[in-house]
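Mapping to numbering that gives the first Met the number 0: the sequence shown position 42 is 41, numbers consecutive.
Hints listed in this document are in silico derivations from the structure and should not be mistaken for laboratory results. Possibly wrong hints are sitting among the right ones.
Unchecked claim - Distance condition first, Cα-Cα at most 30 Å in a straight line; then the derived DSBU-like pairs of lysine-lysine: (1) 120 <-> 47; (2) 75 <-> 126; (3) 89 <-> 61; (4) 120 <-> 33; (5) 33 <-> 89; (6) 89 <-> 75; (7) 25 <-> 126; (8) 89 <-> 120; (9) 25 <-> 89; (10) 113 <-> 89; (11) 113 <-> 47; (12) 33 <-> 47; (13) 18 <-> 120; (14) 60 <-> 89; (15) 18 <-> 89; (16) 75 <-> 60; (17) 47 <-> 67; (18) 67 <-> 18; (19) 60 <-> 47; (20) 113 <-> 75; (21) 18 <-> 113; (22) 113 <-> 126; (23) 18 <-> 33; (24) 67 <-> 89; (25) 61 <-> 75; (26) 61 <-> 18; (27) 126 <-> 89; (28) 89 <-> 47.
What the hints assert, rightly or not - Just the calculated beta-carbon pair ranges, DEER-fashion: (29) 98 <-> 74: 26 to 36 Å; (30) 125 <-> 61: 23 to 33 Å; (31) 87 <-> 24: 40 to 50 Å; (32) 20 <-> 69: 37 to 47 Å; (33) 69 <-> 25: 37 to 47 Å; (34) 62 <-> 125: 29 to 39 Å; (35) 57 <-> 32: 23 to 33 Å; (36) 129 <-> 80: 44 to 54 Å; (37) 24 <-> 67: 28 to 38 Å; (38) 112 <-> 76: 16 to 26 Å; (39) 67 <-> 89: 32 to 42 Å; (40) 74 <-> 32: 21 to 31 Å.
Quick caveat: nothing in here was measured; it's all calculated off a predicted structure. Beta carbons: idealized from backbone N, C-alpha and C, even for Gly.
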Amino acid sequence: MDINKNQNNTVDSLQDEVKHSLVRHKSILDIMTKLQEYNSRIDRAIAKSVTSCGCIEIHAKKQEFESKSLEDMVEKVDSHITGDICPNCKEVLEQEIGAYIYFLTALANTLDFKLSDTIQKELERTKALGVYGMK
């Protein structure tokens, strides 16, 4: 099953826009470091949601993987997050994730492949392997 054509067009449109708008950070080295930078900014935004805003809390503990089946395990593992992201923190996270996606798209352009094809292949692998993919 293909990803929704509308979603596919959105990804392709983004890839085309990034191709025409990226000037300053066109080097593969710039793109790689920008991906690292925005990954850190996403982590920081999540941390600030906990420590400054308080809209979410993190209660981490050992995950219990002792189940009779992988399906049971999926139900038992926990994200360790309680609460809900508030609108302000969500806006910040969306901006940081959006910037990350921008540079991920730039990476795909630089390496000359379609991001929508990559998403489609990952969808197919995920559907085929399910919980056995173990990512």
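Checked hints:
Distance check on the hinted pair: residue 120 and residue 47 sit about 34 Å apart at the alpha-carbon level, beyond 30 Å; violated. Proposed proximity of residue 75 and residue 126 is supported: the alpha carbons are some 21 Å apart, at most 30 Å. A distance of roughly 27 Å separates the Cα atoms of residue 89 and residue 61; the hinted pair therefore holds under the 30 Å criterion. Restraint check for residue 120 and residue 33: satisfied, since their Cα atoms lie roughly 25 Å apart, inside the 30 Å limit.
For a cut-off of 30 Å, the pair hint linking residue 33 to residue 89 stands: about 21 Å separates their Cα positions. Distance hint between residue 89 and residue 75 is fulfilled; the C-alpha atoms sit about 26 Å from each other, no more than 30 Å. Annotation: proposed proximity of residue 25 to residue 126 is violated, straight-line Cα distance about 34 Å (limit 30 Å). Between residue 89 and residue 120, the direct Cα distance comes to roughly 29 Å. Compliance with the 30 Å bound is thereby established for this hinted pair.
A C-alpha spacing of about 29 Å is found between residue 25 and residue 89, which places the hinted pair at or below 30 Å, so the restraint holds. At most 30 Å may separate the alpha-carbon atoms for a hinted pair to count; residue 113 and residue 89 meet this at roughly 28 Å. For the hint pairing residue 113 with residue 47, the CA-to-CA distance comes to about 34 Å; that exceeds 30 Å, so the pair is violated. A threshold of 30 Å between alpha carbons decides the hint, and for residue 33 with residue 47 the separation of about 21 Å falls inside it, so the pair holds.
Restraint check for residue 18 and residue 120: satisfied, since their Cα atoms lie roughly 22 Å apart, inside the 30 Å limit. Between residue 60 and residue 89 the CA atoms are separated by roughly 25 Å; this keeps the pair inside 30 Å, and the hint holds. Among the hinted pairs, residue 18 with residue 89 is consistent with the structure: their alpha-carbon atoms are about 27 Å apart, no more than 30 Å. The suggested pairing of residue 75 with residue 60 holds, with an alpha-carbon distance near 13 Å, which does not exceed 30 Å.
A distance of roughly 38 Å separates the Cα atoms of residue 47 and residue 67; the hinted pair therefore is violated under the 30 Å criterion. Among the hinted pairs, residue 67 with residue 18 is inconsistent with the structure: their alpha-carbon atoms are about 49 Å apart, more than 30 Å. Between residue 60 and residue 47 the alpha-carbon distance is near 20 Å, which keeps this suggested pair within the 30 Å criterion. Taken as a hint, the residue 113 and residue 75 pair is broken in the structure, with Cα atoms around 36 Å apart against an allowance of 30 Å.
Between residue 18 and residue 113 the CA atoms are separated by roughly 12 Å; this keeps the pair inside 30 Å, and the hint holds. Of the pairs offered as hints, the one joining residue 113 and residue 126 holds, with about 20 Å between alpha carbons and a cut-off of 30 Å not exceeded. Annotation: proposed proximity of residue 18 to residue 33 holds, straight-line Cα distance about 16 Å (limit 30 Å). Between the alpha carbons of residue 67 and residue 89 the distance comes to roughly 37 Å, so the proposed pair goes past 30 Å and is violated.
Restraint check: the Cα-Cα separation between residue 61 and residue 75 comes to about 12 Å, which is no more than 30 Å; the hinted pair holds. A hinted pair counts as satisfied when its Cα atoms are at most 30 Å apart, and residue 61 with residue 18 does not qualify at roughly 44 Å. Of the supplied pair hints, the one linking residue 126 and residue 89 holds, its CA atoms being roughly 29 Å apart against a limit of 30 Å. Distance restraint check for residue 89 and residue 47: the Cα-Cα separation of roughly 11 Å lies within the 30 Å cut-off, and the hinted pair is therefore satisfied.
Hint check: residue 98 to residue 74, Cβ distance near 34 Å, so the stated range 26 to 36 Å holds. Hint check: residue 125 to residue 61, Cβ distance near 26 Å, so the stated range 23 to 33 Å holds. A hinted range of 40 to 50 Å for the beta carbons of residue 87 and residue 24 is inconsistent with their spacing of about 28 Å. In this structure the supplied range 37 to 47 Å holds for residue 20 paired with residue 69, their Cβ-Cβ distance being about 43 Å.
In this structure the supplied range 37 to 47 Å holds for residue 69 paired with residue 25, their Cβ-Cβ distance being about 43 Å. Restraint check, residue 62 to residue 125: a C-beta distance of roughly 21 Å breaks the suggested window 29 to 39 Å. At roughly 28 Å, the beta-carbon separation of residue 57 and residue 32 lies within the given 23 to 33 Å, and the hint holds. A hinted range of 44 to 54 Å for the beta carbons of residue 129 and residue 80 is inconsistent with their spacing of about 24 Å.
Taken as a hint, the range 28 to 38 Å is violated for the pair residue 24 and residue 67, whose Cβ atoms sit roughly 50 Å apart. Here the CB-CB span from residue 112 to residue 76 is close to 32 Å, at odds with the stated 16 to 26 Å. The hint said 32 to 42 Å for the Cβ distance between residue 67 and residue 89, and at roughly 37 Å that hint holds. A beta carbon spacing of about 39 Å between residue 74 and residue 32 contradicts the range 21 to 31 Å that was offered as a hint.
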